[in-house]
Amino acid sequence: MAVSNTSSITLSASDRLVAGVLALLLGGFLVFGAGLANSAVLHDTAHDTRHSYGFPCH
1 MAVSNTSSIT
11 LSASDRLVAG
21 VLALLLGGFL
31 VFGAGLANSA
41 VLHDTAHDTR
51 HSYGFPCH
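UniProt numbering puts the sequence shown at residues 1 to 58.
Hints should not be assumed to be uniformly reliable.
[Unchecked claim] Restraint ranges, calculated between C-beta atoms of paired labels, are given here:
id, residue 1, residue 2, range
1, 3, 46, 23 to 29 Å
2, 2, 52, 48 to 54 Å
3, 28, 48, 30 to 36 Å
4, 47, 7, 37 to 43 Å
5, 27, 55, 32 to 38 Å
6, 19, 40, 33 to 39 Å
7, 52, 14, 34 to 40 Å
8, 31, 53, 36 to 42 Å
9, 3, 32, 43 to 49 Å
10, 54, 29, 24 to 30 Å
11, 28, 53, 41 to 47 Å
Read the hints as simulated data drawn from the structure, not as lab findings.
Using N, Cα and C, we set each Cβ at its ideal position, and we do this for glycine too.
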């Protein structure tokens with residue numbers, strides 16, 4: 001029989017605000033970084049990432 005325990009941490013409003021702002025900045029960087037990058041760079045990065053995870057792509 002497996003037993004699992006769950007605990008939660010209460011964050012203050014300022015901690016949630018900081019986490020939200022950091023998430024927005026990271027998301028914006030990923031969206032605009034991918035949107036403004038050269039398509040060959042994106043392809044090569046995705047290709048190399050697939051190989052690093054062991055997924056076949058050819």
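Here is what the structure says about each hint:
Separated by about 41 Å at the C-beta atoms, residue 3 and residue 46 break the suggested range of 23 to 29 Å. Separation of residue 2 from residue 52 is about 32 Å and departs from the stated range, judged on CB atoms against 48 to 54 Å. At roughly 24 Å, the beta carbons of residue 28 and residue 48 sit outside the given window of 30 to 36 Å. The given range of 37 to 43 Å is respected by residue 47 and residue 7, whose C-beta atoms sit roughly 41 Å from each other.
Between residue 27 and residue 55 the Cβ separation comes to about 25 Å, which falls outside the hinted range of 32 to 38 Å. Judged by the Cβ atoms, the range 33 to 39 Å given for residue 19 and residue 40 holds: they are separated by roughly 34 Å. With their beta carbons about 37 Å apart, residue 52 and residue 14 fall inside the hinted range of 34 to 40 Å. Checking the proposed 36 to 42 Å range against residue 31 and residue 53 shows it is violated: the Cβ atoms sit about 22 Å from each other.
For the hinted restraint 43 to 49 Å between residue 3 and residue 32, the CB-CB distance of approximately 46 Å keeps it satisfied. Roughly 27 Å separates the CB atoms of residue 54 and residue 29, a value that falls within the hinted 24 to 30 Å. Judged by the Cβ atoms, the range 41 to 47 Å given for residue 28 and residue 53 is violated: they are separated by roughly 25 Å.
Of the hints listed earlier, those the structure fails to meet are numbers 1, 2, 3, 5, 8, 11, in rising order.
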